[in-house]
Every structure is written in structure tokens, then in C-alpha cells.
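For this one, chain P is given, so just place chain E on it according to the hints.
So the protein sequences, as listed, match chains P and E.
Read in this note's numbering, the first sequence has 755 at position 755, and its numbers run on one by one without any break.
In this note's numbering, each number is its position in the second sequence, counted from 1, plus 810.
Hint data in this document are derived by calculation from the structure and do not stem from the laboratory.
On a predicted model such as this, the values are computed, not experimentally measured, just so you know.
Hints should not be assumed to be uniformly reliable.
Restricting the straight-line Cα-Cα distance to at most 25 Å, the calculated cross-link-like pairs of lysine-lysine (PhoX-like) are [said to hold, decoys possible]: (1) Lys273/P with Lys649/P; (2) Lys715/P with Lys850/E; (3) Lys2/P with Lys850/E; (4) Lys586/P with Lys599/P; (5) Lys149/P with Lys61/P; (6) Lys118/P with Lys413/P.
Label-pair ranges, simulated between beta-carbon atoms [stated by the list, open to error]: (7) Glu125/P with Ser875/E: 44 to 50 Å; (8) Ser164/P with Phe831/E: 19 to 25 Å; (9) Ser875/E with Asn782/P: 26 to 32 Å; (10) Lys149/P with Ala826/E: 43 to 49 Å; (11) Phe831/E with Val401/P: 55 to 61 Å; (12) Phe831/E with Pro722/P: 37 to 43 Å; (13) Lys63/P with Leu814/E: 52 to 58 Å; (14) Gly116/P with Ser875/E: 34 to 40 Å; (15) Asn48/P with Lys850/E: 36 to 42 Å; (16) Arg239/P with Lys891/E: 34 to 40 Å; (17) Lys891/E with Ala270/P: 29 to 35 Å; (18) Leu845/E with Lys149/P: 55 to 61 Å; (19) Glu79/P with Phe831/E: 37 to 43 Å.
Even for Gly, the Cβ is constructed at its ideal location relative to N, Cα and C.
Residue strings, one per chain:
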Amino acid sequence: MKILAFSISAIVTGVLIVILNSTLVLPAPLGKLLSPQHGLWQNAEPVNKNFSESLHFTGLKGKVNVYFDDRLVPHVFAEQESDAWFVQGYLHAKFRLWQMELQTFAAAGRASEIIGKKAINHDREFRRLGMVYAAENSLKEMENDSATKSQCDNYTAGVNAYISGLSESELPFEYKLIGYKPEKWSNFKTALFLKYMSYDLAGHEEDFEMTNAKNQFSSKDFDLLYPLKSDSTDPIIPRGTVYNAPKINVVKPTTADSLYFKDSSIINIARSKPDKENGSNNWAVSGSKTLSGAPILCNDPHLGLNLPSIWYEMQIVTPDFSAYGATFPGSPAVIIGFNEHCAFGFTNGGRDVRDYYDITFKDDSRKEYWFNGQWQPTTFRIENIHVKNDAPYLDTVAYTVFGPVMYDQSFYKDSAITHKNYAVRWSAHDASNDLKCFSLLDRAKNYSDYKVAINYLLTPGQNCAFAAKDGDVAIQTQGRFPAKWRRQGDFIMPGIDSSYMWQGNIPQDETPFQYNPERGFISSANQAPADTSYPYYLGSDYPMARGYTINKKLTAMTNITIKDMMALQTNTEDAFAQMAMPLVLKYINESKLSGNASKYLNILKQWNFKDDINSTGATVFGIFWDNFEKEVWNDEFSKIKGVTSMPSKTTLLEDLLKDSSLKFIDNVNTPPVETLTDVLVSSFNTASGLLTKIEAGGKLKWSDYRATHIDHLTKLPALNHPAIVSGGGPLSINALKEDHGPSWRMIVSLTQKIEAYGVYPGGQNGNPGSRFYDNFIDRWANGKYYSLWLMTPAETGDKKVRWTMTFSGS
Amino acid sequence: MRFLTAVILVMILGFATCLLFPWWSIALAGFITILAIPLKPLQSFFAGFTALFVLWFLLSWWISSNNDHILAQRVSLLILKVNSPFLLMLFTAFIGGLIAGLGALTASFLKAKK
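Next up, chain P with everything else stripped away, as it sits in the complex (with noise of 0.2 Å):
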């Protein structure tokens, strides 16, 4: 009796541990998370805790000293190079680790690994993409580079002596709430980081939805929707520039008009696509426009806002610079930033460097493919992905001349009805140490400097401004470019031979670029590099609003100062809805208006354009115009079988302009034809309806109605940072939306002693649990500052130091 007892009592005991210590029952191990010797109270860190240790590894070649200031900003003093790389390693992962290594999980497509097989489609779409072949392209010619693979050795070594130090009560929160651990770091991890901004940044495409309205509309109708110019973009480099002739000579394929443009296949793929809004804004101002004769530059790129955020900031000194700004958890070196000498800054290319092309293979076997007149052999890529708490799942990935097929039927269950498999050809493929332009950048003197290092950058292409303390600024629309024919893969192209593949990248000295412009004033908002007599194909679809408004405010300007920088760049004016209300008030007609239409319009009438936290014209334009846009384009929009794309908001703005009986203002589902009066009328009605529900809702002032949240990458709410105040809309220069807009804002102003500003809307400490988790979120939506301390050796002593670790060879 004793002994069934016994066992029992012994089988509940270890059955409920078993159940406590894995996500086997529970979504969380929560004997081992609750333990206060283990699991999560160990990450509730004192608020007073003491952040100096003196720490020795092997490997060190001298001595570093990190300083860490009140806001927790670490600024490193190495006496060799290669420490400071693993320190910053060290400083990453000590601060950030769960962070970086999710996101090159996500980036291999191994996050089935983490939150088990609802992640599967994930992973299949990023290894299909390549995403793994093209870091393995990268990590080859970063190695090549013996500086590039020192520095990312000695990173990897940093991240790792953090790990190996690692006990289980020290893990980072979020290892311990889902219930598994790190892994070491390497080389690729970096590589794969990087890919991973590549592919937010230089994997936006919209070839699909291009393909399907392209078949859909006539080819007048196609232009008119998808212009390839727009009249009130002020392009990067200002329109009347003038171009040599190009160097390359692209020559369109003679059979484009029969089997590219005359191409009729109707594509129905969904897929995730990195966020439409993935910009920035950056200038420089040259002395002569600024009151202390000096250039500043700016710089705040727009970004998904997470907790931990994208950005961790720090100081890196060794004998060689001394360079300061924001850096990537995930890979060395300071990406946005300034040095003794000069300061750098980015926003997004955002050319179309992503195509599709229409690959027949032989059999359902995919292991052969029709290319220039005979049946050539693909190569197949095993993926083997690993299944949290399930089997693994196999994808065999076949590879052509082009790149991956990421699409066929395996995929998607479309290729089995219309036998389409769709081979991707992206730049991110080909092999780069865009990483090494970062690291001559933080070491950069003057101009010259300037241009060897941002060669280096090729995907994500970049629009890369400079300015230097000897009164240079600069702006260069940097990348590896397809150089293309007219609307080259704007649609999916034939994938039978080689006229259809991309003929030589766009030159480097080729690419636009303005150096001390007369003007007194580079800039760049994700709009059009430049304007049509740039004698290589751009495409379209180039965000108009944010340039605008900082061209014509930079123009007007004299005597600048850092404060009128910091108005500049959390201004909230909509350049679009500023030109879109005269064109409102003229044609709609008011005495048709119903309900609370009447007391919208006024609010609207009264609104002075700005996105400002009160605002409620802003919320009224915003609800009015999208249902303005979805009542001109759904009729005809509704009529495509598969994905589709609508024309931009500029696009209709200015065809409106130009013609106000715009041939698509008619409802082409109902006999009688509307006019723009109609579709103004019955568009605000329908707004008016939404903005009263809103009203009532308490949510009619802007900052309530656009409701910024900023959410830890978990996205479970516990952890979130929610409903920020303030100002800033998606077409104003302070670009703020729902989750997402400026990450890092950034002024410096290149006086003889540097004097820098900047903010991010995060914490330095990724913990949760940390009082530096989230608090410089505050500072941030006020539109407030932090100044930057370019630390010297001589302010050791500084009672901004708070704290300092050492760090030795033993």
C-alpha cells in the first residue's frame, strides 16, 4: 500500500515537473520561468544597479574601456581595433541578444524552429527567396575582405564570450518565456542580419499586381495609372540636370511586344511584402545657409517601430576614429552616425531591383527548364526545416540561370491549375560587403573618403548624404542598379531566353549624385532620384510628399540653426492634402452633403494641413481620401481576378489635375456616368458616416485616431509600449503611423567642436524588465532630443560616466 503510494506521489511529482519545465502542457515552462533563482525574476533588474564589471577574455589584444553614460550609451575606447569589434559583439549581445538572433532566425527562415510549424510558410517563403543563398553569396566576399572578416571574427567572438559566459538565471527574458536558448554567433548570422535589411529594403516589388492591371487595362489606361513621371515630385537631383550619354546601351528584347507586354496570365499570389513606407528623410545644409557657417546633417530613418528597436546607440574610439551613432544589433560598426571629421546619413532607394521570370520546366520533376532553345538542368537546394515540437519539414527549391523558382507548385496551389512557376532574380543574390562601407565610413575624413566608402554599399541601395567639417556636403543615389529597358520588370517577365535578363548594372560613376550644390542644400525623401533625362530606366512609384515640403522649407531658409533642424524634422505638414484640397473645395457640392457631412467639411476647411496631435481636420482628410480613392478605383480594381495594386494617392491627385473628367471617376457598375462632383459627394457622405462612429468613439482628434503603438517583437501586449501622443502623419516629414516611422532621429552640426542630437523610440537595454527598456519612448513623440556626447579621452572623468567595464586579454 505504501509502495502504491509512494509511486504515486512520486509519478504526480515528476509528471508536473516535466509539465513545468517545457511548453509540452503549458505555453510556458512555468516552474523554470517563475523560479526567483532561475527564471524571469532574475531579468527584474535593480533599477540602481551597477553596470562596472572588469572582465578578461583571451583573445584581447590590448585593453578597452567602456563608459557608459546616465542614458546607458556605452562609449568604447579600444587600444586595437579588432577589440573594439568584440566589445561591440559583447555590448550587442549583453543588451540585445534575444533581438538579433530572432531576427536572423526569421531572416534563414528557421522561425518554425522557435514558434513551431504555424511559421512553416514563413520559412519557405524567405529560403525560397534566397534568402540563405544570398547571405551565403555575401559572407564569401566579406571574407575575401581580410579587414571586413577581422572585424566580423572579432564581433562574432565578442557575441559569443558573451553567450559562453551565460547562465541559465542570466538568459534574456524571452528565451526563458518560450522555453529555449541561444545558439553561437557566426560570420553568416551577420551576413544573414544584413540580408535581413536588405530584404526590407530592397525587396519591395510590385510585379505581380503590375502584371494582372496590365492585362486588365489598355496600354493609355496603364500609363495613366501608373505613370512613369510625376509633376510635382521634386526629385533627389533637382530637375534641369544634365546627363552624358549612358555607358551601357540596354537593348530591349525584340519579342517584348508579342510575349512581354501581350502577356495575358493572371496571377492570384499573396505574399508578404516588406512595409510600403520603408523611407526616410535626410539633408545637409552647407555653411553658407546655416547661422554658425557650418554644414548640418540630418537624418531619421522611417523603420517598423519594435521593442527592443532596431537600433542600438554607442560610441566606438580606437587609434584610428572616433565614431558615434546608431548601430545594428547583429553586425559591427556604426551605421548612421558622425565622426571627428564628418557625418553620414541614409534613406531608401527604393528602385525596383526584385523580378520575376516565368520558368517551363520540362516535367513536374522541375529537374529541367526550357532556356534558349534547349532543355537545361536545374540545380536543386534542400531546404530542411526544423519543426518546434513537430517533424521537419523538407522544401526542395529549384534553382534555374535567373535564381530561385520560389514560386511553383509545391508553393502555390494556383501553379497546378495554370502550370506558372516563377523564378525570382533579386540584387540581394549577388554577392556584396555592403557592411565595409559602414566600417570606412566611421573612419572617414573628407569627400573622398566619402565616395570610396559608399561604393561599397550596393543592396540595399541607399541614397547616401554627407557633410564634413571642411564644408562639403553631398548626396550620392547609391546601389548595384539594373541597368533597364523601359518598364523592365514592371511585370513578369519570359524566362525561355537570355534578352530577358538584366544586361549589366548602372555604372557607379553613372549614378546621380550632387557634391556642394549651389543651392546650399542636399536632400532626399524617398522620392525619384532624379527626373526623365536621367538616361536609365527608374520606374515608378516613388513616394512624392516628404520631398516636396523639405525641398521648398530647406529653399526658404537662411541662418539655420540645430533648432530650426529639430522643427524641421518632426514637422507635421501634408504637402499631398495641401495640394489635394483645392481640387476638393472646387468640385464638391456641398448642398448634396448628408448627415454631419456639413460640419466635416468645415472642420476640414479650417484645417491648416498640419498632423498635429488635436488635429481633427487631419483625421477627416485621411478617412475622406481613402474612401475617395477606393470609390474611383474598386469598380474597376474589383474586376481583376488575382492581387492587385491601386495607383498611388500622387497619381490620382495629379491625374485629377490634369483632367477632371478622369475617365476612371465613373462608376463603371451602374448606367448613369458619375462626375467627380458625384464621387466627391458620395465618397464624403460615406467618410461622414465613418468619422461619426469615430467620434462618438472618442477617437476624432488625430493622434488618438492614428493610435501609435510601439510593440515588442513577441507582439504579446504585456510587453508593448502602448498608445503614443503626438504628432506626425505618413505623409508628413515626421512620417509617424500605427507601428511605424522615424527610428532614429539624428541632427549634427559639423562645428569645429561637433555638437550632435539625437533619439530613438526605444531603450539601450532589450529587458523588459529594465528601466532602460523603453524610456527614451517619451522624449521621442514629444519631438525632444537627447545630446549626443562625442566622448574624448579626456573626459574620463566626466561625471556624465556612470559606470565603466573594462575589458583585458588574460
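Frame of chain P; chain E shown alone:
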């Protein structure tokens, strides 16, 4: 008296084993203690339960106080769906108590008859 001695011993062992071993070593703390100081099954369970309930409550309260309860607020919302660090401490204490109590109970069936 034996009960109180057992409780204190489980607390000491529970704290010490967790310095070196995984969290579930608290079950062993309960188990070993009752082997050394045999008690009736129900008493054994409560000795183990009380020890770890008190130990884990005090530990978590101490740690969380130094943290201004920043993390406990988030995690209580996450796990218990209410913003209450105190409730999270009680929940922590309960799980610790339960496992140590079961460890102690198991040992009581080996010793009790002798």
C-alpha cells in the same frame, strides 16, 4: 517542533540546491528533508509547501522591490491577465510550494511505516 525544523531545513536546502541545480531540485529539498526528519504524509506536504511558499514569496518580493516591480507588472499582465506584482509573487510561491510539498510527500511514504 519537528515540523518547524523540517520547514527550515527545506527552505535552506531549497535555496542551496537552486544555486547549483535546476529549479525542480526544490522537490529534492523536500524529499531529503523528510527522509531525515520523517513526518506523516499530510504534515510532510505542508512542511515542504510552507517552506517554499515562504522562500519563493520572499525572494521574488525582494527582487521585484529592487526593480520597482517593472517586470512583475508586465509579466503578471501576461500570465495572470491582471496588473498585480503581488499576485504574481503569490503564484510563484504557490508553484514552489506545490513542487517542494510533493517531493516531501513522496518521501513520507518511504519513511512513515518504520
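Okay, the hints, checked on the actual structure:
1. Lys273/P with Lys649/P: Cα-Cα ~19 Å, so holds.
2. Lys715/P with Lys850/E: violated, 48 Å
3. Lys2/P with Lys850/E: At roughly 12 Å apart (the allowed maximum being 25 Å), Lys850/E and Lys2/P satisfy the hint.
4. Lys586/P with Lys599/P: holds, 17 Å
5. Lys149/P with Lys61/P: holds, 17 Å
6. Lys118/P with Lys413/P: Given that 25 Å is the threshold and the Cα spacing comes to 18 Å, the pair holds.
7. Glu125/P with Ser875/E: 44 to 50 Å: holds, 46 Å
8. Ser164/P with Phe831/E: 19 to 25 Å: holds, 20 Å
9. Ser875/E with Asn782/P: 26 to 32 Å: Given about 30 Å between the Cβ atoms, the range holds.
10. Lys149/P with Ala826/E: 43 to 49 Å: This hint holds: roughly 47 Å between Cβ atoms.
11. Phe831/E with Val401/P: 55 to 61 Å: holds, 58 Å
12. Phe831/E with Pro722/P: 37 to 43 Å: At 39 Å between Cβs, range holds.
13. Lys63/P with Leu814/E: 52 to 58 Å: Cβ of Lys63/P to Cβ of Leu814/E: about 54 Å, so the range 52 to 58 Å holds.
14. Gly116/P with Ser875/E: 34 to 40 Å: The hinted range 34 to 40 Å holds for Gly116/P and Ser875/E, with Cβ atoms some 36 Å apart.
15. Asn48/P with Lys850/E: 36 to 42 Å: violated, 47 Å
16. Arg239/P with Lys891/E: 34 to 40 Å: violated, 58 Å
17. Lys891/E with Ala270/P: 29 to 35 Å: For Lys891/E and Ala270/P the Cβ distance comes to about 34 Å; the hint holds.
18. Leu845/E with Lys149/P: 55 to 61 Å: Hint holds: Cβ distance 59 Å, inside 55 to 61 Å.
19. Glu79/P with Phe831/E: 37 to 43 Å: Cβ of Glu79/P to Cβ of Phe831/E: about 41 Å, so the range 37 to 43 Å holds.
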